[in-house]
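> Residue numbers (this note's numbering), protein chains in the order written: chain A, 1 to 185; chain B, 1 to 209.
Just so you know, these hints were derived from the structure itself, not from any lab.
Treat the hints with caution; some may be incorrect.
[Stated by the list, open to error] Subject to a maximum C-alpha distance of 25 angstroms in a straight line, what follows is the list of computed DSS-like cross-link-like pairs (lysine-lysine):
1. A:Lys3 with B:Lys61
2. A:Lys74 with A:Lys123
3. B:Lys121 with A:Lys6
4. A:Lys6 with B:Lys61
5. B:Lys61 with B:Lys206
6. B:Lys121 with A:Lys3
[Stated by the list, open to error] With the C-beta cut set under 8 angstroms, the calculated list includes, among others, these residues of chain A facing chain B:
7. Ile10
8. Leu12
9. Cys15
10. Ser18
11. Ala21
12. Asn26
13. Thr29
14. Ile33
15. Met36
16. Ala88
17. Thr117
18. Lys122
Computed from a predicted structure; not experimentally measured.
Here a beta-carbon is modelled for each residue, glycine too, at the ideal position from N, C-alpha and C.
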Amino acid sequence: MRKNIKYAMILLTICAVSAFALALTNSITSPVIAQMDSNNRVKALEAVSAGYDIGEQKEVTGHAYVTYVIDLQKDAEVAGYILGLKTAGYGGEMTLVASYTAQGEMLFAQLLTHNETPGLGKKAEDDGYMDKFKGTGGAKPVPTNKTMLSSDDAQAVSGSSVTFTAIAKAINGGSEYVKSLGGVK
Amino acid sequence: MKANLKELTKGIFKENPVFVIVLGLCPVLGVSSQVSNAIGMSAGVMFVLLFSNIFISALRKVIPASIHIPAYIVIIASLVTITEMVMHAFVPAVYSALGVYLPLIVVNCIILGRAEAFASKNTVLDSILDALGMSIGFALGITLIALIRELFGSGTITLFPVGTFSGVINIPWFINNPIRVLALAPGALLLMGFLKAFFDWNTLRKKDR
Chain A
1 MRKNIKYAMI LLTICAVSAF ALALTNSITS PVIAQMDSNN RVKALEAVSA
51 GYDIGEQKEV TGHAYVTYVI DLQKDAEVAG YILGLKTAGY GGEMTLVASY
101 TAQGEMLFAQ LLTHNETPGL GKKAEDDGYM DKFKGTGGAK PVPTNKTMLS
151 SDDAQAVSGS SVTFTAIAKA INGGSEYVKS LGGVK
Chain B
1 MKANLKELTK GIFKENPVFV IVLGLCPVLG VSSQVSNAIG MSAGVMFVLL
51 FSNIFISALR KVIPASIHIP AYIVIIASLV TITEMVMHAF VPAVYSALGV
101 YLPLIVVNCI ILGRAEAFAS KNTVLDSILD ALGMSIGFAL GITLIALIRE
151 LFGSGTITLF PVGTFSGVIN IPWFINNPIR VLALAPGALL LMGFLKAFFD
201 WNTLRKKDR
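Model the full structure from these sequences, guided by the hints.
Rendered as C-alpha cells:
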C-alpha cells in the first residue's frame, strides 16, 4: 500500500512539474499564435476579396459547409460574398475562405487551417491549387470528381483525392449557399 | 573520454536508428517528401530526444522500474507539446510543414526506446551524447531519403526561404522528368527497402573482411 502511494506521489510530482512547464510555455506562445492567426485571416480575406470592399461578418449556423458570410460591396451595393467554409479532409477538419459572385461563381479561395499530410494533401496550400475551381459554380459546375479535371490537374491531386474532394464539396456547398441567397440584393 | 565519444558516434553509423535499428519509421516515410520537412522533423526529434534523455537520466534513481513507462510518456509528451507550441509561435512555416507528424514524436520509438534502453541506465553526460548521436543519425537517415525522393520524385530541393530566396531549388532535367512514384508513399517504402539493403550489405561486407 505504502509502495503504491509512493509511486502515485512520484507520478503526481512529474505531472505537476510538466503541467507548470506547459502552462508557462503556453502563456508565452498563445498571444503570439492568436495574433498570427488573426493576421493570417485578415490577409486571406483581402486576398480573396477581388478588390471589392469587405463588409461585416455574419455567422451562419446549421449549414454543412458555411460557417460565416461577409458581403463584398462595390459602390455600397452587394457585388458578391466571402464565405467561411469548413470541411473534413484526410487529417480532420479543414477551414477555408472563398469569394463568390452574387450568382455563385467562385472567384478566389484560400486554405486557412488543416492537418493534411505533408507532400500530399498539404499541397492544397500551394499557390495555384485553387485555380482549378476558379470560375466554377455558376454556368460551369464545380469539379467534385477527379474525372472532371484536366489531365494536368488530375495528376496534381494524385495521392490526395480525399483532400481534393473535401475542398471541392465545400466550394460547391458555398456556391449553392450563395445561390440560395437569391442573387444581388 | 574515448568511451563517452563512442556513445556519440554509435548512433550515427553503427547503430543508426533509421537504417540499422529501424526505429521511428513513421515520420521517416511520412515527411521525407521534402528536404525542408526532414530538417524540421530532425530538429524536433533532436530537441525532444536530448531533453527527454537528460530528464530521464537525471531521474533514473527516483523513478521506480514499475512506473517507467507512464513517467516517461508524461515527460516526452510534455516536451513534444512544448516543441509544438514554440514552433507554432516562432517558426510557423516549419510547424505548418510538419503537420500531424510533430505531435506524433510522442510515439516515436526512438525517443521511448532510448529512454528505456539507455537514459534510464546511464549518466546524464552519456545520455546527452547518446541523444545527440541518435538525433544526428536520424537526421542523416531522413535527410538522405528526402533528398533522393525530392530530387528524383519532384525535380526540386526545398530548403527554407531566406530573403529573396524562395527556398525551392529547381533541378534542370529532373523537374521535367520526375519519377512520380518516389514522391508518393509507395516510393518512400521502396527507397527505404533499397537503402536498408545497401546498409546491410555494407555492414556484412565489413564483417567478412
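> Could you check the structure against the hints above and give me the numbers of any it violates, in ascending order?
2, 5, 8 and 16
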